[in-house]
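As given, the protein sequences belong to chains A and B, one line each in that order. Counting with the numbering used here, you get residues 667 to 1074 for the letters of the first sequence. Counting with the numbering used here, you get residues 667 to 1074 for the letters of the second sequence.
Hints are computed from structural coordinates only; laboratory data are not their basis.
Not close to chain A: a few residues of chain B, all C-beta gaps over 12 Å, as computed:
(1) Ala-679
(2) Glu-688
(3) Glu-770
(4) Lys-773
(5) Ala-778
(6) Leu-814
(7) Ala-821
(8) Phe-832
(9) Gln-839
(10) Ile-842
(11) His-931
(12) His-939
(13) Gly-1013
(14) Ala-1031
In silico SDA-like links for lysine to any residue, alpha-carbon gap of 25 Å or less:
(15) B:Lys-1037 - A:Ile-1068
(16) B:Lys-738 - B:Leu-781
(17) A:Lys-766 - B:Tyr-1027
(18) B:Lys-820 - B:Pro-678
(19) B:Lys-1037 - A:Gly-1064
(20) A:Lys-766 - B:Trp-1022
(21) A:Lys-766 - B:Asp-1006
(22) A:Lys-773 - A:Ile-739
(23) B:Lys-738 - A:Asp-1006
(24) A:Lys-1037 - A:Arg-1011
(25) A:Lys-1037 - B:Glu-796
(26) A:Lys-766 - B:Arg-1028
(27) B:Lys-766 - A:Trp-1022
Far from chain A, some chain B residues (derived; all Cβ distances over 10 Å):
(28) Pro-685
(29) Pro-782
(30) Thr-813
(31) Gly-817
(32) Asp-919
(33) Asp-1014
The C-beta atom is built at its ideal place from N, Cα and C for all residues, glycine as well.
Protein chains: 2
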Amino acid sequence: MVNTLPRSPLAPASFPDLPVIEGVRFASVAAGVRYTGRTDVMLAVLAPGTTVAGVFTRSATRAAPVLDCQDKIGQAADEGAAILVNSGNANAFTGRHGAKSVAEICKAVADATGLPTTRVFSASTGVIGEPLPHERITDRIAELNATLDAGGIKAAAEAIMTTDTFAKGAGRQVVIDGQTVSIAGIAKGSGMIAPDMATMLVYIFTDAVVDQPRLQTLLADLTDRTFNCITVDSDTSTSDSLMLCATGASQVDVTQNAAFAAALHDVMLDLAHQVVRDGEGASKFVEIRVTGAANTDDAKVHGLSIANSPLVKTAIAGEDPNWGRIVMAIGKSGASADRDRLNIRFGDILVAENGWVSPDYREEAAAEYMKRQDLVISVDLGLGDGQATVWTCDLTHGYIDINADYRS
Amino acid sequence: MVNTLPRSPLAPASFPDLPVIEGVRFASVAAGVRYTGRTDVMLAVLAPGTTVAGVFTRSATRAAPVLDCQDKIGQAADEGAAILVNSGNANAFTGRHGAKSVAEICKAVADATGLPTTRVFSASTGVIGEPLPHERITDRIAELNATLDAGGIKAAAEAIMTTDTFAKGAGRQVVIDGQTVSIAGIAKGSGMIAPDMATMLVYIFTDAVVDQPRLQTLLADLTDRTFNCITVDSDTSTSDSLMLCATGASQVDVTQNAAFAAALHDVMLDLAHQVVRDGEGASKFVEIRVTGAANTDDAKVHGLSIANSPLVKTAIAGEDPNWGRIVMAIGKSGASADRDRLNIRFGDILVAENGWVSPDYREEAAAEYMKRQDLVISVDLGLGDGQATVWTCDLTHGYIDINADYRS
Chain A
667 MVNTLPRSPL
677 APASFPDLPV
687 IEGVRFASVA
697 AGVRYTGRTD
707 VMLAVLAPGT
717 TVAGVFTRSA
727 TRAAPVLDCQ
737 DKIGQAADEG
747 AAILVNSGNA
757 NAFTGRHGAK
767 SVAEICKAVA
777 DATGLPTTRV
787 FSASTGVIGE
797 PLPHERITDR
807 IAELNATLDA
817 GGIKAAAEAI
827 MTTDTFAKGA
837 GRQVVIDGQT
847 VSIAGIAKGS
857 GMIAPDMATM
867 LVYIFTDAVV
877 DQPRLQTLLA
887 DLTDRTFNCI
897 TVDSDTSTSD
907 SLMLCATGAS
917 QVDVTQNAAF
927 AAALHDVMLD
937 LAHQVVRDGE
947 GASKFVEIRV
957 TGAANTDDAK
967 VHGLSIANSP
977 LVKTAIAGED
987 PNWGRIVMAI
997 GKSGASADRD
1007 RLNIRFGDIL
1017 VAENGWVSPD
1027 YREEAAAEYM
1037 KRQDLVISVD
1047 LGLGDGQATV
1057 WTCDLTHGYI
1067 DINADYRS
Chain B
667 MVNTLPRSPL
677 APASFPDLPV
687 IEGVRFASVA
697 AGVRYTGRTD
707 VMLAVLAPGT
717 TVAGVFTRSA
727 TRAAPVLDCQ
737 DKIGQAADEG
747 AAILVNSGNA
757 NAFTGRHGAK
767 SVAEICKAVA
777 DATGLPTTRV
787 FSASTGVIGE
797 PLPHERITDR
807 IAELNATLDA
817 GGIKAAAEAI
827 MTTDTFAKGA
837 GRQVVIDGQT
847 VSIAGIAKGS
857 GMIAPDMATM
867 LVYIFTDAVV
877 DQPRLQTLLA
887 DLTDRTFNCI
897 TVDSDTSTSD
907 SLMLCATGAS
917 QVDVTQNAAF
927 AAALHDVMLD
937 LAHQVVRDGE
947 GASKFVEIRV
957 TGAANTDDAK
967 VHGLSIANSP
977 LVKTAIAGED
987 PNWGRIVMAI
997 GKSGASADRD
1007 RLNIRFGDIL
1017 VAENGWVSPD
1027 YREEAAAEYM
1037 KRQDLVISVD
1047 LGLGDGQATV
1057 WTCDLTHGYI
1067 DINADYRS
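Chain A extracted, bound-state conformation (with noise of 0.2 Å):
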């Protein structure tokens, strides 16, 4: 059912050519754990050396494998890691059976691959509350193990999809004293995202060299400008994981390098765009910029304000500059602000200005402006010097259809 969903209009061309990174392969597998017809199981395997980094959902109500995965991040290894990921059931809030196909999966894993069970991760992804038929999965681990192959990043994109509409992907070379470094990340999620967490499921994987502890900070420092900044509908998964995995290929330390930091960011921003432009329902993609406002942290809850509000995400679908929806939500937000130092921007649109509309200010350019897929909101709050820029999508009949009408 998931695999009626029409594409986004907001999705990319096609999925990216990503570059190889050395140390990992993928396999994927159709076990039917939910779904039928398509692949929903996809097992990664990184050589020895590989340092693993992992950000997670923090809500109270998280899933068995998120709690497993934070368990072992962190623990230093020579080993190399595996990470099985399927699609179609969470296994999330299934008591100590969720606990149990954990173990048994990663067990299988370990049988397979040679690896200690200390250094297999795993993801689940779909419906909540329903016990992970685990035999379905660990039935195959043989043939994923005996599939494995570096060039199958693609496959394993699709094969996380729940009701994606299509699979995210994002790469970028970086060249660090004459040696090229590489980047290769792909991500799902289409519904029950909100920030303040790593959001969704998101693999990405470099052949750079990068110490575990400082691939851990580079990865959260990172998380809370791209992931933690997008919002489709104000609903926190119970599953969200966000791991980083440098195999060490290149033999390029890029520790503090600025370079590598900069792409990673544009990798993750970019799998983060992808994310909220696959919204469920979404029919515009936008950006929400706030700045001077009193400090950083009260930016960002202005700018979520405005990305989860029903009324204004509604009135983007409607294509109806109304601005006084934005007022609205920051005047609901809880951060500083003051009414008549407002400053409110559809674009290059100067819409309203000192507590009140632009004597400038011509309904029918923003009608206009408001018609375009991409859309960009400015709002000065004029207090300081607090910025942050928040992605969101529209809200849609779309997004009724597919939540009200069947479970994903």
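Keeping the supplied structure of chain A fixed, place chain B upon it in accordance with the hints.
For chain B alone, kept in the frame of chain A given last:
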């Protein structure tokens, strides 16, 4: 256009018979502020000796009449008071023009009624950011003042509607020391409804005797358990105002009287429920009872997280007992929760316990329950004594229709 909306399926059969409150008279008129073919301005005039309490939106972008009312509330007076409300235009984010409109309206009412301007309260509801054509209102004040009628409360309730599909009223009478004390209130509200303030426009009248500071305290306490516990769409208006006026005509002092407080609570809760029952696009009325939370604040945070979750609200619209989304909403709320102590019920049906679906749970029974129009979802967190109840409605195509397609 507002009048073209069909009456909510959750609406009461008819407007209730409200007790006449001695010392209050109403008038309403079709002034053409924005709408045509319907009344849009109401005036209430209160007898000398009336005490007036009020609670207002905490939005940082409050409308001009809200700021004016906040200035005036609590000023003791023997002169009586007046309340003038228009629909069609919120006079919000209208800069200096907004404050001027409020002053002009209050002066016109003061001139006609003989009251000082400090005792004239006003409110405006409707579109944000457009200048209020206040002359259309001030031109009709003399006519309003000449047609005041103690029986005009229903017409007043109709005049303040915007996207409301039915007029909202509630009344109670309570006998204290052999004397009857009456309470009658009206409300408007349908969208941009979220808690943490007095919600929308609400006017309640009683012939009880209560001094202003005690009336204010009582109102604030009861608001926290009624209007501040409802949500339609998590969006907070810039104009929310709730005023309670005690004329004293019954000569019954109700200070510290529990029966009066209970009756007032009932009127407020009745009106609050009517606002939810007229939630934009609503097809289900949902009570969410949270118990066993670490404390009262946590209980309310969890309740509102569930009530505001688009995924929970769309599942309810689809009559899907998708309790996994309840788990998700609890997990994301930020308040304390232990996944494995959660207990969730739909009506009397135990759905989840001990971190997983209940062994006795049958989805068919829950699916049958979800077809009802009025639903109760109960969550016990198993942590402490904190409890709270909140009320909301579902999220349907109707909400998108109303908010994406035109401005209210």
